[in-house]
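Last residue of the sequence shown: 328 (numbering that gives the first Met the number 0), numbering continuous.
Do not rely on the hints blindly, as some may be mistaken.
Pairs of lysine-lysine, PhoX-like flavour, derived with a Cα cap of 25 Å [unchecked claim]:
#1 Lys29 / Lys46
#2 Lys159 / Lys310
#3 Lys46 / Lys117
#4 Lys131 / Lys20
#5 Lys303 / Lys57
#6 Lys46 / Lys57
#7 Lys29 / Lys159
#8 Lys117 / Lys20
#9 Lys57 / Lys131
#10 Lys310 / Lys16
Here are the computed distance ranges between Cβ atoms for each label pair [stated by the list, open to error]:
#11 Gly181 / Leu296: 29 to 39 Å
#12 Arg300 / Ile69: 34 to 44 Å
#13 Ser18 / Arg300: 47 to 57 Å
#14 Arg300 / Val322: 36 to 46 Å
#15 Thr13 / Asp42: 45 to 55 Å
#16 Asp2 / Lys57: 25 to 35 Å
#17 Ser169 / Asn305: 21 to 31 Å
#18 Leu52 / Gly75: 54 to 64 Å
#19 Lys57 / Gln103: 14 to 24 Å
#20 Gly187 / Ser18: 42 to 52 Å
#21 Ile243 / Met301: 26 to 36 Å
#22 Thr293 / Val62: 15 to 25 Å
These are calculated hints, taken from the structure and not from any lab test. As the structure is a prediction and not an experimental result, all values here were calculated from the model. Ideal Cβ placement from N, Cα and C applies to all residues, glycine included.
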Amino acid sequence: MSDWYQQEIEEVLTTLKTSQKDGLTAAEAKHRLEEHGLNELIDRGTKSPWLILLDQFKDVMVVILFIAAIVSFALGEYADVVVIMAIVVLNAAIGFSQEYRAEQAVAALKKLAVPTVKVRRDGRIEEISARKLVPGDIVMLEAGNLVPADGRLLESVNLKIEEAALTGESEAVEKHTDVLSGNDLAIGDRHNMVYMGTVIAYGRGTAVITGTGMNTQLGNIANLIQDVEQEQTPLQRRLGHLGITLGWVALAIIAVVVILGLLRGEHWDVLILTGISMAVAAVPEGLPAVVSVTLALGSQRMLKRNALIRKLPAVETLGSVTVICSDKT
Numbered sequence: 000m001s002d003w004y005q006q007e008i009e010e011v012l013t014t015l016k017t018s019q020k021d022g023l024t025a026a027e028a029k030h031r032l033e034e035h036g037l038n039e040l041i042d043r044g045t046k047s048p049w050l051i052l053l054d055q056f057k058d059v060m061v062v063i064l065f066i067a068a069i070v071s072f073a074l075g076e077y078a079d080v081v082v083i084m085a086i087v088v089l090n091a092a093i094g095f096s097q098e099y100r101a102e103q104a105v106a107a108l109k110k111l112a113v114p115t116v117k118v119r120r121d122g123r124i125e126e127i128s129a130r131k132l133v134p135g136d137i138v139m140l141e142a143g144n145l146v147p148a149d150g151r152l153l154e155s156v157n158l159k160i161e162e163a164a165l166t167g168e169s170e171a172v173e174k175h176t177d178v179l180s181g182n183d184l185a186i187g188d189r190h191n192m193v194y195m196g197t198v199i200a201y202g203r204g205t206a207v208i209t210g211t212g213m214n215t216q217l218g219n220i221a222n223l224i225q226d227v228e229q230e231q232t233p234l235q236r237r238l239g240h241l242g243i244t245l246g247w248v249a250l251a252i253i254a255v256v257v258i259l260g261l262l263r264g265e266h267w268d269v270l271i272l273t274g275i276s277m278a279v280a281a282v283p284e285g286l287p288a289v290v291s292v293t294l295a296l297g298s299q300r301m302l303k304r305n306a307l308i309r310k311l312p313a314v315e316t317l318g319s320v321t322v323i324c325s326d327k328t
């Protein structure tokens, strides 16, 4: 539901089957946790180590190098095979190392960022991990706390909350418990509601949790962001175009060598091998590794400035930025 702000406190408590005085029972809280899941935002961008490693071999240039290695092996050019595969492995190792360490760092930061919250259960006030909150929990809100989930205020004593993360308003918003009228009120106008990720600037209050995890306003924003299709960076597009161009050039070299050789009366099998050898020689084996090393060095420089790069191509994207257009949000 999104109209909690239009309901009286008793109506909200009845709908959520909870009590302002006693809160939920431990058994009911456990049942609801199993039903609704943990109170956390789901990051669909997180990848397993195997997927991160596999991504290192999807680049067009890397695919061309694999083809070049296979052709070189078929031609008996084993030294070329060793060199090409060494470059492919080096390129994959650099990319995997950077992205895997970044994923581990992000995971560690998430663990450190898990707050605790005071909640009323079985008539007693307990301090639990915010991840274990469920709809219907009665939580205590105090100055300096992060709001752990979306909720309807039950009590408000000089309560002011900074909602800049959701609305962009820098001023703290004064909160109350009165019912509000009007359909589809903006989040910033719902003064009897509190929202996950906002900060309590002043006062104290009590709220009943109405939504957790991805069923919060912050979760809705996270869903919208994660549903955006990721585009290739300018460098990735240029390298992909270069790879396709090199592929056509290689085919053209083979065709030209074979045609000219046949006109001179050469054997076609020798001509094909010669053409393939020349095509393989045209492939810049060291380019992917050079690009990966350059981007890795850039990510290390960003890290020294407290910016964690999860994907190497993002370094090039940041380097291409000339103007940032932003509103107050």
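Hint-by-hint comparison with the structure:
1. Lys29 / Lys46: Violated - the C-alpha atoms of Lys46 and Lys29 are around 29 Å apart, more than 25 Å.
2. Lys159 / Lys310: violated, 38 Å
3. Lys46 / Lys117: violated, 33 Å
4. Lys131 / Lys20: The hint holds at about 20 Å.
5. Lys303 / Lys57: Distance of about 29 Å is beyond 25 Å: violated.
6. Lys46 / Lys57: Distance of about 15 Å is within 25 Å: holds.
7. Lys29 / Lys159: Given that 25 Å is the threshold and the Cα spacing comes to 31 Å, the pair is violated.
8. Lys117 / Lys20: holds, 14 Å
9. Lys57 / Lys131: Not satisfied, since the Cα-Cα distance of roughly 39 Å exceeds 25 Å.
10. Lys310 / Lys16: violated, 45 Å
11. Gly181 / Leu296: 29 to 39 Å: Distance hint for Gly181, Leu296 is violated at roughly 55 Å.
12. Arg300 / Ile69: 34 to 44 Å: Once the Cβ atoms are compared, 37 Å apart, the range 34 to 44 Å for Ile69 and Arg300 holds.
13. Ser18 / Arg300: 47 to 57 Å: The hinted range 47 to 57 Å holds for Ser18 and Arg300, with Cβ atoms some 56 Å apart.
14. Arg300 / Val322: 36 to 46 Å: violated, 22 Å
15. Thr13 / Asp42: 45 to 55 Å: Given about 35 Å between the Cβ atoms, the range is violated.
16. Asp2 / Lys57: 25 to 35 Å: violated, 46 Å
17. Ser169 / Asn305: 21 to 31 Å: holds, 23 Å
18. Leu52 / Gly75: 54 to 64 Å: This hint is violated: roughly 30 Å between Cβ atoms.
19. Lys57 / Gln103: 14 to 24 Å: Since the Cβ atoms of Lys57 and Gln103 sit about 22 Å apart, the hinted range of 14 to 24 Å holds.
20. Gly187 / Ser18: 42 to 52 Å: violated, 30 Å
21. Ile243 / Met301: 26 to 36 Å: holds, 30 Å
22. Thr293 / Val62: 15 to 25 Å: Since Thr293 and Val62 have Cβ atoms about 21 Å apart, the given range 15 to 25 Å holds.
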